[in-house]
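Colleague: Sequence:
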Amino acid sequence: MGTNLGRLLLRVTVGSIFIEHGTQKLFGWFGGHGPSGTGQFFESLGLRPGRRNAIVAGIAEAGGGALLVLGLATPAAASAVGSVMVTALRTAIWRDEIKVGTGGYELLLLANAVAIADSGPGPLSLDGLLGWERRGARWAAAALGGALAGSALAIAAGSQHAEASASGQRSEAETTAVTS
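Numbering (our numbering), first residue to last: 2 to 181.
By construction, these hints were calculated from the structure, which means they are not laboratory data.
Computed from a predicted structure; not experimentally measured.
Note that the Cβ used here is the ideal one computed from N, Cα and C, for glycine as well.
One or more hints might be untrue.
What the hints assert, rightly or not - Simulated DEER-style distance windows between Cβ atoms:
#, residue 1, residue 2, range
1, I60, Y106, 18 to 28 Å
2, L154, L130, 11 to 21 Å
3, A158, L6, 16 to 26 Å
4, G7, A158, 32 to 42 Å
5, S37, N5, 37 to 47 Å
6, H34, A112, 20 to 30 Å
7, N5, A138, 13 to 23 Å
8, S17, E164, 33 to 43 Å
The task is simple: from the sequences and hints, build the whole structure.
Modeller: Here is the structure:
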């Protein structure tokens, strides 16, 4: 029972942290800035359009966190919350290089999410009760791979949006210059 209780406590704690983070982005709860304020911050990181990315990150964190608390679709939940942490590490924390003194919190949450996918949610979970529990190194690797892919997509989409916006501004400036 001790191991099962430990997995439950880990899931509930980590999941609750992600629910808080997600609702900060989505609704401005717990001292958050909501989609508009978070969106402005995301824009400064190159995650464009910022508001849309804030909403997607908020859903991934709040939804993934809730799934972790419940122990439902655990590897997918770990992947969802992990993608936000990888993106935070890549865009805000370790912009140019990996530094030992920064990014501990996000890295710790990412590692916990992957560890939960590896150990599984345990029998004190909906996955366990329904016979859907998936665990082990392959599931942990899949969760981490999904997190890395989700982050890469978010960052690439932001870059493409920025390039398209810049191209549109150049075209508008060129049109104005030609017609003047």
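Colleague: Now tell me if each hint is right for this structure.
Modeller: Quick rundown of the hints versus the structure:
| no. | hint | in the structure |
| --- | --- | --- |
| 1 | I60 to Y106: 18 to 28 Å | holds, 21 Å |
| 2 | L154 to L130: 11 to 21 Å | violated, 33 Å |
| 3 | A158 to L6: 16 to 26 Å | violated, 41 Å |
| 4 | G7 to A158: 32 to 42 Å | holds, 38 Å |
| 5 | S37 to N5: 37 to 47 Å | holds, 42 Å |
| 6 | H34 to A112: 20 to 30 Å | holds, 26 Å |
| 7 | N5 to A138: 13 to 23 Å | holds, 20 Å |
| 8 | S17 to E164: 33 to 43 Å | holds, 38 Å |
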